[in-house]
Structure formats: C-alpha cells, structure tokens
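Asks: For reference, the chains in residue letters:
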Amino acid sequence: MKDMGRILLGHEAFDELVIGNTAIARAMVESGVRVVTSYPGSPTPEIAEAIRSMPADERPMYFEFSTNEKVATEVAFGAALNGRLSVVFFKSVGLNVAADSFVQLPLMDIPGGMVVLLGDDPGANSSQNEQDNRHYARMSYCPLFEPSGAADAYRMFKKAAALARELRTVVILRMTTHVCHAKEKIHFDSWNPAPPDDEPLFDPDYTNYIPLAATVFPMKRRALERLAAIEARLPSLGFDELVDNGNGQRGVIVAGLPFASVMDVLDDVALGGNTPGNEPSGARRPDVLRLGAVYPFDRAAVRSFLQTHDEVKIVEELDPILEGDIKALAFDAGLRCRITGKRDIDETMGECSPAKARAVLAAAWPDLFPAAAIPSAAPVGAIGSVAAAIAALPPRPAQMCPGCGHRSAFHAIKKALASGDITIADIGCHTLGSLPPYNMGRVLLSMGHATSTAAGLSVFNDTRRAVCFMGDSTFFHAGLPGIVNAVYNGHRVLLVVMQNGTTAMTGHQDHPGTGRNFSGDAGKISIRAALEGLGVSNIREVDAYQQAALTAMTREALEEPGFKVIIATHPCMLKFIREARRKPGWSARRVRIDQETCERIHECVEHFACPTFQREADGTVTVNPDLCIGDLSCRQTCPAAAIVPESPARSAT
Amino acid sequence: MREHFDIYMSGVGGQGIGLLAELLARAADHAGLAVHGCDTHGLAQRGGMVTSHLRLGAVRSPLVPDGGADLVVSLERTEAMRAAMTMLKTGGTLVWYDAAWQALDVRTGQHPPLEAADVMAAAKAKGAATWRVLVDDLPDSRMQNVAVVAEILRRGLVPGLGRAQVEAAMADLMAGAALEANLALLH
Ligand SMILES: Cc1ncc(C[n+]2csc(CCOP(=O)(O)OP(=O)(O)O)c2C)c(N)n1
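First to last, the sequence lines map onto chains X and R.
Okay, so the first sequence: first residue is 1 according to our numbering, each after it adds one.
Okay, so the second sequence: first residue is 654 according to our numbering, each after it adds one.
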C-alpha cells in the first residue's frame with residue numbers, strides 16, 4: 001500500500017497520480033513553507049489530510065486548524081512577520097470572515113512571504129454562494145494567480161511562494177473546486193531540505209507596521225508600486241501561456257480551469273478548416289491567450305494579442321472582471337479589435353465546464369462547431385421524453401446520516417413548536433434539517449449568523465417565537481459575538497447548540513470543544529462553561545436521543561423570557577461508527593420492523609425519515625441493512641412500537 | 654475531441670465511489686493511459702448523490718461532458734438511471750450494481766420505488782449495452798464497488814485495462830485482510 005505521506009516527503013523527483021490539493025502539499029514542502037493554518041471548508045480540507053499523512057516528526061511545517069479564517073490568517077501573518085514562509089488556506093466564503101485582517105496584508109512588509117490559498121467554488125458545489133474572490137484581490141491590491149489544473153497548481157504555487165518571499169509580500173493562489181479535486185499524474189521535482197532558520201526576525205524599526213491615518217499612504221503606495229513591479233516581471237515569470245494556432249482573425253482570452261474546457265472543445269475545431277469526422281464548419285481554431293497571472297495581468301501581452309486579432313472572445317468564469325479591464329485597456333489604446341465578453345446573466349453563473357465553454361464559444365461564433373447533437377426526445381419506457389424522465393426522477397439531496405443526533409433533535413423540537421414559530425438555520429450538517437420532511441431552520445446567511453438573525457426576528461414580535469440552531473464548531477468560529485449580543489441586549493431567543501463533538505460536514509476536523517487539536521491532545525473548552533462565562537444563565541443540557549426530554553425542555557424554555565440555550569449533545573454517528581468498525585470485536589447492530597406489529601403509520605419513514613427505512617410499493621416498511629447502524633434513535637418514534645433491535649443471532653456482519 | 658475514453662461514476666454518499674474512482678484511475682495509470690479525473694462530492698458524503706469523472710487519453714478538462722460518457726459505472730439503481738439518462742453517450746455502456754437506496758421522495762411516498770427494469774429501459778433508449786451486477790453473498794456491502802470493477806474486467810469494458818493493472822492499483826490503495834478480500838472478489 002502506498003504511503004502518501006512518505007511519498008510527499010521524498011527527496012528524489014517522482015511521478016504520482018494525485019489531486020490538486022495533495023500536489024499543493026508537496027509544493028509547500030519543496031518551497032520551504034514553515035507555517036500553515038486553515039479553517040476547514042470544501043474544497044480545501046484534503047490539503048490538511050495530505051499534511052497529516054506526513055509522519056509528524058518529519059513534517060517540515062507547523063500546521064493548525066485555527067478557530068476561524070480570520071484567526072488563521074492572523075496566525076500565518078504573524079509567523080511570516082518573523083520570517084517564516086507561511087500559507088493560510090480556506091474556502092471561498094472564508095475570505096469574508098478573514099477580510100478585516102486580510103485587506104491589510106498587502107500594505108505590510110512581510111519578511112517571510114505569505115500565500116493565501118483560496119478554494120473558490122464556481123457552481124456552488126458545496127457553498128452558500130459562488131462568490132468571485134478576484135474582487136478581494138483588486139480591493140486590497142493583492143497579487144492573484146490562477147492555476148488551470150492540478151499539475152499547474154503545483155508549479156504555480158512554487159512560483160507564487162518564491163515571489164511572495166522575494167518581495168516580502170502576500171499573494172493569492174486562487175484554486176477552484178475542480179482544480180482542488182482534479183486528479184492527474186504529476187511530475188514532482190526533487191526536494192533538498194535545508195535546515196530551517198527559525199530566528200524570530202520581526203523588526204518594527206525596519207519599516208512601519210501601524211497603518212493609522214496618514215501612515216496609511218506610504219503603505220498603500222508601496223502596495224501599488226509592488227503590483228506594478230510584479231506586472232513588469234510577468235513576461236519572465238511564465239504564469240501565462242499563448243496557444244498560437246496561426247489565426248489572425250479570432251482569439252480567446254481565458255484563465256483558470258476554463259482554459260482546460262476551452263482547449264478541449266476547440267479540439268473539435270480543425271486547425272486548418274474542416275471538423276474531423278463531421279461536416280466542415282469552415283471555421284478555424286482560434287488562438288488562445290491563457291492568463292495565469294490574473295491580477296495584475298500582463299497588459300502588454302494582452303494589448304499585443306488584441307492588436308493581432310480582429311475579434312477576441314473573453315471566456316470568463318463568474319464575474320466580468322478581466323472583461324472590464326481588457327475593454328478599458330483596448331479603449332485607452334484606441335484598438336480596433338472587437339472584444340466580446342458575457343452576453344447574459346447565465347454566463348455570469350455556474351462553472352465554466354466544457355459544455356458551457358462550448359455554448360459560450362458557439363454563441364459568439366456560430367460557425368465554430370458543427371450543429372451540436374441535440375439530445376433525442378426518444379421515449380424512455382412508459383415515462384415519456386428523456387428530459388421529462390430526468391425531471392421525474394426523485395432528486396437526491398444530501399441528508400443527515402443514519403443515527404444522526406441532529407435528526408433526533410429536530411424531530412423532538414418540532415413537536416414543541418407552535419405553527420407560527422420561526423426556526424433559524426446555521427451552517428453545518430444540521431443545515432440539512434431545513435429540507436423536507438423536517439423543515440427546521442428556514443433562513444441561512446453564514447456561519448454563526450443564527451443567534452443574531454433570530455434576535456432581529458424577535459424584535460417587535462411577541463407572538464412568533466424564534467428558535468435557532470448552531471453546531472459546536474460554528475459556536476467557536478463565529479457564534480460567540482451573536483450570543484454575547486443576545487445576552488447583552490436581552491433578546492428573547494432560544495438557541496439550540498447541536499453538539500456532535502466534531503466539525504462534521506467538512507470531514508470531521510477537531511475544534512476547540514473536542515479536546516484535541518491537529519498536533520494532539522489539547523484542553524477541551526466546554527461550551528457550557530463558555531456560555532456561563534458570557535453571562536448566559538438559562539442553560540439546559542440533554543442527549544439529542546432523549547426526544548421526550550428535549551421536547552419538554554423546548555416547550556418550557558420557549559415560555560421563558562430572555563436568552564435561553566439548550567445544548568443537545570450526541571456524537572456524530574458517521575464518525576463514531578467509522579471508528580468503532582476499526583476496533584476489534586466490533587459487530588454490526590441493526591433494527592428491524594416487526595411486520596406483525598407495524599400499523600403502517602409511516603412515522604419512521606415519512607417524518608423521522610432515517611434513510612434506513614425503505615417503503616415498498618405496497619406500503620410495507622423495511623430496513624436497509626446496508627444503512628442501518630442499530631443506534632435505536634428511531635425506536636421511540638414508532639407509535640406502534642414496531643421497531644425492534646435485530647437479535648444478535650439474526651444479524652449478519 | 655482527440656482520442657479518449659470517458660467514464661462517469663455515480664452512486665450515493667457512503668457507497669465508496671471515491672475508492673472506485675481511485676481504483677480505476679490508478680489501474681488506467683498502471684496501464685500507461687493518460688488519466689484525468691475529478692470526484693464531485695460537494696456536501697454529498699451525507700447520503701446525497703456522489704459522482705466522479707475519469708477521462709483516459711489526451712484531454713485537459715477533468716470533467717466528462719454531459720452525454721459524453723463511453724461508460725457509466727453506477728452503484729445504485731436510481732443513480733444508475735439518472736447517470737444513464739444525463740451522462741451516457743448514445744451507444745455507450747452502463748454497468749451498475751443493483752443496490753437500491755431509496756431517495757427521500759420515494760420514502761415519503763411521493764414517488765414510486767424504481768424497478769431494475771426502469772434502468773434497463775433508460776439505458777436501452779440510449780442504445781446502450783447494460784450489465785447489472787448483484788452479488789448474493791457479498792461479505793460486506795462496502796465491497797459493491799469492487800464487485801462492479803470485477804464485472805468491468807470480466808466484460809472488458811475499459812479498453813486497455815486488464816486484471817494485472819487493477820490488482821496493482823489495489824495494492825497501491827489497500828493492505829492486509831482488506832486487500833485479500835477485495836482481490837478475491839476480482840476472481
Ligand atoms: C466561513 C465559512 N467557513 C467554512 C465553511 C465550511 N463549513 C460548512 S459546514 C461546516 C461545519 C460546521 O461544523 P459544526 O458547526 O460543528 O456543525 P456540524 O457540521 O458538525 O453539524 C463548515 C466549517 C463555511 N460554510 N463558511
């Protein structure tokens with residue numbers, strides 16, 4: 001079995017099939033990165049997994065999961081002030097949390113150099129939006145580079161980190177979901193580790209580190225001059241790529257993963273004129289200018305590309321940022337090239353997959369591709385047309401796992417609510433409670449918003465009670481200020497902390513309440529003690545499986561004035577079962593439906609809705625043995641008491 | 654596009670699509686094929702739909718175009734049908750493990766349960782060859798992915814991919830009893 005951690009620390013050059021996130025971990029090793037911080041969020045957590053796979057005593061860098069992205073950014077910054085090359089990584093929306101500190105970084109002189117590694121999420125695969133973080137680069141004057149694949153990310157990281165270190169500054173490497181997760185065979189260079197120099201170098205006499213009123217301006221000037229200096233060096237840094245197909249008429253400008261999409265679909269357009277195997281389209285393959293340095297971009301290279309083409313199409317994922325700048329550049333230079341960018345709102349939404357790139361290019365140049373094969377409307381069985389059949393398939397949204405304590409809690413709390421009561425969701429696995437059949441938590445902004453949004457909903461409102469939910473990792477991440485506010489301003493809100501002892505949704509990372517950090521055991525910060533320390537006097541605690549108690553408790557709490565908290569605790573059962581399976585002597589447990597007793601009330605399958613329960617066409621309920629973990633949280637929900645533990649003799653493995 | 658072979662995999666979070674994808678990608682690599690791929694799991698390790706793309710040959714994007722898969726590999730009945738309808742190329746091949754993990758709408762009674770015949774019909778409408786896999790005595794349901802790989806080998810569904818390469822890929826990814834049990838399943 002391959003030991004990825006050892007492979008990543010190899011001194012010789014090697015080739016390996018990896019995803020972009022793993023490649024980044026090797027790039028960090030080769031670059032001499034000394035400090036890495038993060039807060040978990042898709043699509044980036046596998047970077048931490050790759051770092052974790054390296055044997056702890058040989059790992060050349062310090063790593064921590066910090067309490068949130070702002071804290072992580074500050075820790076990485078502090079280390080870089082001391083001369084350590086540092087990296088902070090997190091998901092797209094993490095930059096909003098980090099922003100207050102992040103926007104200051106380009107003003108600073110950072111001796112170690114620093115890379116902010118972003119996992120943006122065009123297509124909102126696993127995020128609450130698909131924000132385009134290139135805007136932040138511009139507003140803070142932070143250089144930004146964009147790889148278009150996994151191997152490219154590896155090479156670009158090394159260049160970007162070297163540049164940051166040389167210029168004593170911060171740079172952004174903006175990856176996107178399918179760059180982070182793109183898998184390919186990468187050639188990795190050798191690594192010659194040098195003994196680390198860990199001398200704390202911070203020197204506030206060398207340059208000013210306090211941006212305050214008038215002292216801001218020299219710092220801002222330095223940031224802008226640095227951008228200009230980087231732009232001047234771009235031709236020799238090799239971030240960009242020109243694909244010259246000898247087409248003086250048409251060109252495409254593109255960046256990031258869309259470059260791969262564009263190159264793939266242009267393979268269908270002949271270099272010379274005819275489409276291979278299809279009817280001639282008459283069109284020739286456009287030239288392509290791929291920008292790896294996106295902010296600043298190489299204006300001289302773009303200008304000459306515009307000058308040498310009659311028409312240039314900018315294929316840009318998400319917002320028209322390059323488009324605006326390039327059009328302005330052409331206007332200022334008085335260029336005659338016809339530049340087209342986005343045609344409609346749809347071109348501002350979603351990932352630029354090959355299919356989308358094809359549609360965008362075909363709309364700009366209808367003669368480029370032969371008439372695309374239109375999906376046939378052939379009947380599928382008795383269901384009708386293909387499109388209708390696809391639409392008729394039951395969707396499969398993510399859902400809470402079998403045995404999830406959140407499900408048990410929602411089922412119980414729902415019983416205590418009056419019809420007008422308002423439930424407020426937060427971010428985590430428990431957000432899935434907002435989906436049918438639970439419909440618990442009907443509004444969502446961001447991590448930690450729940451208490452304060454609930455507080456606002458309770459103002460001028462004595463009739464519809466506000467109940468909000470929050471996970472334990474989120475409690476520490478961004479939950480505390482809203483709680484303090486609710487205490488301080490006396491908001492009548494019930495907060496249910498859904499404590500499952502892990503950061504579940506992003507892959508079970510530890511947090512300050514788990515008693516462990518990335519390096520090992522750590523003091524456990526008790527949520528109850530934290531709440532008490534903040535002045536919360538009305539606190540109840542319950543195991544989330546104790547549904548009757550939780551229902552009663554919720555009823556009581558809702559009658560009480562002021563701010564109340566229920567801590568509903570149950571370990572994440574996905575994590576629990578995974579760990580239990582590895583222990584010797586483990587044997588699976590399950591429930592079954594006693595068909596004699598079952599009255600087909602369907603409470604289990606319809607309302608409690610553990611995915612384990614299956615409904616046959618005749619209304620019989622069965623238990624899916626692949627899914628059931630025998631946790632018994634369902635047992636109390638059956639009015640007929642037909643859910644019974646499978647006797648050990650009957651259970652399979 | 655240039656010569657290549659596209660594989661699209663689908664299933665439900667928890668079924669082991671990630672391992673399936675890694676196994677096929679590594680086996681293809683051992684066979685000397687150029688490999689690009691991408692898991693698209695999103696939030697979906699929580700019982701939602703999980704898919705993975707694997708492209709063998711001279712391509713750049715890790716994403717299989719809609720309706721462009723030469724081979725769809727699925728581990729679940731509804732997801733097999735969805736993938737066959739959306740991703741399978743006309744005249745392609747569908748190989749699927751017939752586990753049925755009912756989607757929510759089926760469990761709440763808003764949608765009738767799907768039958769294996771529905772999947773067959775959907776694949777037939779695409780002119781696809783279909784291989785349904787169901788192993789009665791599988792020691793562990795988490796080995797359904799490898800049962801499908803065994804079928805892929807048996808039927809030669811991925812050009813250039815043989816048993817030796819899959820075994821090498823397995824040895825890259827697992828050890829001990831797990832490796833032995835899965836190797837046994839290949840035969
Ligand atoms: C600012 C920000 N950072 C990170 C994330 C990614 N994220 C989504 S769910 C989640 C887990 C929250 O964990 P917890 O509050 O413990 O809830 P659980 O999933 O364990 O129920 C995180 C970190 C995010 N959505 N926003």
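It should be emphasised that the hints constitute simulated quantities derived from the structure, not laboratory data.
It should be emphasised that the depicted structure is a prediction, and the values quoted were computed from it without experimental measurement.
There may be inaccurate statements among the hints.
Across the chosen pairs, the derived CB separations fall in these ranges [to be verified]:
#: 1; chain 1: X; residue 1: Thr308; chain 2: R; residue 2: Glu768; range: 54 to 64 Å
#: 2; chain 1: R; residue 1: Glu768; chain 2: X; residue 2: Ala641; range: 28 to 38 Å
#: 3; chain 1: R; residue 1: Ala770; chain 2: X; residue 2: Gly619; range: 52 to 62 Å
#: 4; chain 1: X; residue 1: Asp344; chain 2: R; residue 2: Ala821; range: 47 to 57 Å
#: 5; chain 1: R; residue 1: Ala824; chain 2: X; residue 2: Glu241; range: 30 to 40 Å
#: 6; chain 1: R; residue 1: Glu768; chain 2: X; residue 2: Ser419; range: 30 to 40 Å
#: 7; chain 1: X; residue 1: Arg600; chain 2: R; residue 2: Leu791; range: 43 to 53 Å
#: 8; chain 1: X; residue 1: Arg635; chain 2: R; residue 2: Leu791; range: 46 to 56 Å
#: 9; chain 1: R; residue 1: Leu791; chain 2: X; residue 2: Leu444; range: 48 to 58 Å
#: 10; chain 1: X; residue 1: Gly248; chain 2: R; residue 2: Glu768; range: 34 to 44 Å
#: 11; chain 1: X; residue 1: Pro436; chain 2: R; residue 2: Ala824; range: 53 to 63 Å
#: 12; chain 1: R; residue 1: Glu768; chain 2: X; residue 2: Pro193; range: 43 to 53 Å
#: 13; chain 1: X; residue 1: Met349; chain 2: R; residue 2: Glu768; range: 51 to 61 Å
#: 14; chain 1: X; residue 1: Val443; chain 2: R; residue 2: Ala821; range: 46 to 56 Å
Think of the CB as a built atom: it goes at the ideal place given N, C-alpha and C, for glycine as much as any other residue.
Asks: Next step is simple, just say for each hint if it's right about the structure.
Replies: For each hint, the structure was consulted:
Taking 54 to 64 Å as the suggested C-beta distance range, the pair threonine 308 (chain X) and glutamate 768 (chain R) conforms, at roughly 60 Å. Hint check: glutamate 768 (chain R) to alanine 641 (chain X), Cβ distance near 32 Å, so the stated range 28 to 38 Å holds. Look at alanine 770 (chain R) against glycine 619 (chain X): about 21 Å separates their beta carbons, and that is not inside 52 to 62 Å. Checked against the hint of 47 to 57 Å, the C-beta distance between aspartate 344 (chain X) and alanine 821 (chain R) comes to roughly 49 Å, which is consistent with it.
The given range of 30 to 40 Å is respected by alanine 824 (chain R) and glutamate 241 (chain X), whose C-beta atoms sit roughly 37 Å from each other. A hinted range of 30 to 40 Å holds for the C-beta pair glutamate 768 (chain R) and serine 419 (chain X), which are about 39 Å apart. For arginine 600 (chain X) and leucine 791 (chain R), the hinted distance range of 43 to 53 Å is not satisfied, since their beta carbons lie about 30 Å from each other. Remark: the range hint 46 to 56 Å for arginine 635 (chain X) to leucine 791 (chain R) is contradicted by a beta-carbon distance near 28 Å.
A hinted range of 48 to 58 Å for the beta carbons of leucine 791 (chain R) and leucine 444 (chain X) is inconsistent with their spacing of about 40 Å. Between glycine 248 (chain X) and glutamate 768 (chain R) the C-beta distance comes to about 58 Å, which lies outside the given range of 34 to 44 Å. Between proline 436 (chain X) and alanine 824 (chain R), the C-beta spacing of about 45 Å breaks the proposed range 53 to 63 Å. Against the hinted window of 43 to 53 Å, the Cβ-Cβ separation of glutamate 768 (chain R) and proline 193 (chain X) comes to about 60 Å, which falls outside the hint.
The supplied range of 51 to 61 Å is broken by methionine 349 (chain X) and glutamate 768 (chain R), whose beta-carbon atoms lie about 36 Å from each other. Checking the proposed 46 to 56 Å range against valine 443 (chain X) and alanine 821 (chain R) shows it holds: the Cβ atoms sit about 51 Å from each other.
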